[in-house]
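**Student:** End of the sequence shown = 272 in my numbering, gap-free, step of one.
Derived from the structure by calculation, the hints contain no laboratory data. Some hints here could point you the wrong way.
In silico SDA-like cross-links for lysine to any residue, where the CA-CA straight-line distance does not exceed 20 Å [what the hints assert, rightly or not]:
#, residue 1, residue 2
1, Lys86, Asp121
2, Lys141, Ser127
3, Lys234, Met224
Derived Cβ-Cβ restraints for the label pairs, each shown as a range [to be verified]:
#, residue 1, residue 2, range
4, Gln238, Phe187, 56 to 66 Å
5, Ile253, Leu102, 26 to 36 Å
6, Gln107, Val230, 23 to 33 Å
7, Val189, Lys234, 52 to 62 Å
8, Val230, Ile159, 22 to 32 Å
9, Met226, Leu265, 40 to 50 Å
10, Phe187, Gly106, 26 to 36 Å
C-beta atoms are modelled at their ideal positions from N, C-alpha and C, and glycine is treated no differently.
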Amino acid sequence: MSKQSEIPKIIRSGDSVRIVGSWTTLFLKQQQLLLQLGHQLPLTEVDILALDTNGAVLLLELLGPDSEAWPPGLTQEQIRLLTLIKGRLADVPGSDKRLNPLASLGQQTLHLVVHARQLLDFAGQLSVLLFSLIKHPRQLKTKMLLDVVQRDGLNAVPIIALLALLVGGVIAFQGGLQLATYGANIFVVELISLIMLRELAPLICAIIVAGRSGSAYAAQLATMQMNQEVVALKSLGQDPFAWLVLPKLLGLILVMPLLTILSMLAGVGVGC
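Turn these sequences into a full structure, and let the hints steer you where they fit.
**Tutor:** As structure tokens, then:
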């Protein structure tokens with residue numbers, strides 16, 4: 001069977017329409033374009049080579065919601081699939097985009113409650129693991145903790161030091177120009193020290209770690225969830241939090257103060 005014959009087509013003949021080809025996910029984009037051409041015209045014949053769930057949904061959209069009879073040319077298997085999907089679509093309530101303000105407020109409140117519950121559950125599980133770790137220190141995954149310290153602490157030193165150096169140098173240069181107007185160049189050191197030690201150094205460190213390590217954690221956990229590795233840990237009787245969350249948390253608790261001190265030293269050093 002040629003590839004060309006599988007491409008879905010709408011063939012018009014007067015006031016009737018004939019559809020052919022494979023209505024599958026592979027040709028989903030072509031089907032969406034064809035739907036714009038085939039609406040409001042009766043289907044007189046159907047010669048579909050292959051039909052999957054996505055293609056059936058689009059075909060039902062082409063037939064219209066009030067369609068009762070199937071067009072000729074469908075196989076019994078295709079009719080059963082269309083009937084099943086049509087029944088399932090009828091059970092799904094339509095989404096009203098014009099929600100009144102009260103309904104919109106209730107929907108947003110519900111989302112906030114769900115997120116707050118998930119955050120509270122996450123914090124509770126971490127607290128239980130921490131208390132258990134205090135009682136049984138041997139449960140700590142030392143190798144994973146050291147890996148986090150190296151990957152998210154040691155490997156982050158160059159970028160944090162470089163950014164702190166640049167920020168400290170820019171503040172010293174700009175502040176020196178302004179203070180020179182009043183003959184107060186001597187206060188540049190105090191300016192850099194106060195800004196870097198109180199504000200910018202911890203902020204720089206937090207932003208870099210959140211952007212660099214946080215995104216890596218999210219990607220890693222999402223990939224493991226898709227590959228069902230988290231389910232595999234549970235099936236082996238292991239707590240995923242103890243393997244995937246707790247070592248990362250403890251590792252960041254150890255390296256964040258050190259990275260912050262490094263950022264302070266780099267910013268103050270270049271400014272002085």
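**Student:** With reference to the structure, classify each hint as holding or not holding.
**Tutor:** Comparing the hints with the structure gives:
no. : hint                          : verdict
1   : Lys86 <-> Asp121              : violated, 39 Å
2   : Lys141 <-> Ser127             : holds, 17 Å
3   : Lys234 <-> Met224             : holds, 13 Å
4   : Gln238 <-> Phe187: 56 to 66 Å : holds, 57 Å
5   : Ile253 <-> Leu102: 26 to 36 Å : violated, 44 Å
6   : Gln107 <-> Val230: 23 to 33 Å : holds, 29 Å
7   : Val189 <-> Lys234: 52 to 62 Å : holds, 56 Å
8   : Val230 <-> Ile159: 22 to 32 Å : holds, 30 Å
9   : Met226 <-> Leu265: 40 to 50 Å : holds, 41 Å
10  : Phe187 <-> Gly106: 26 to 36 Å : violated, 55 Å
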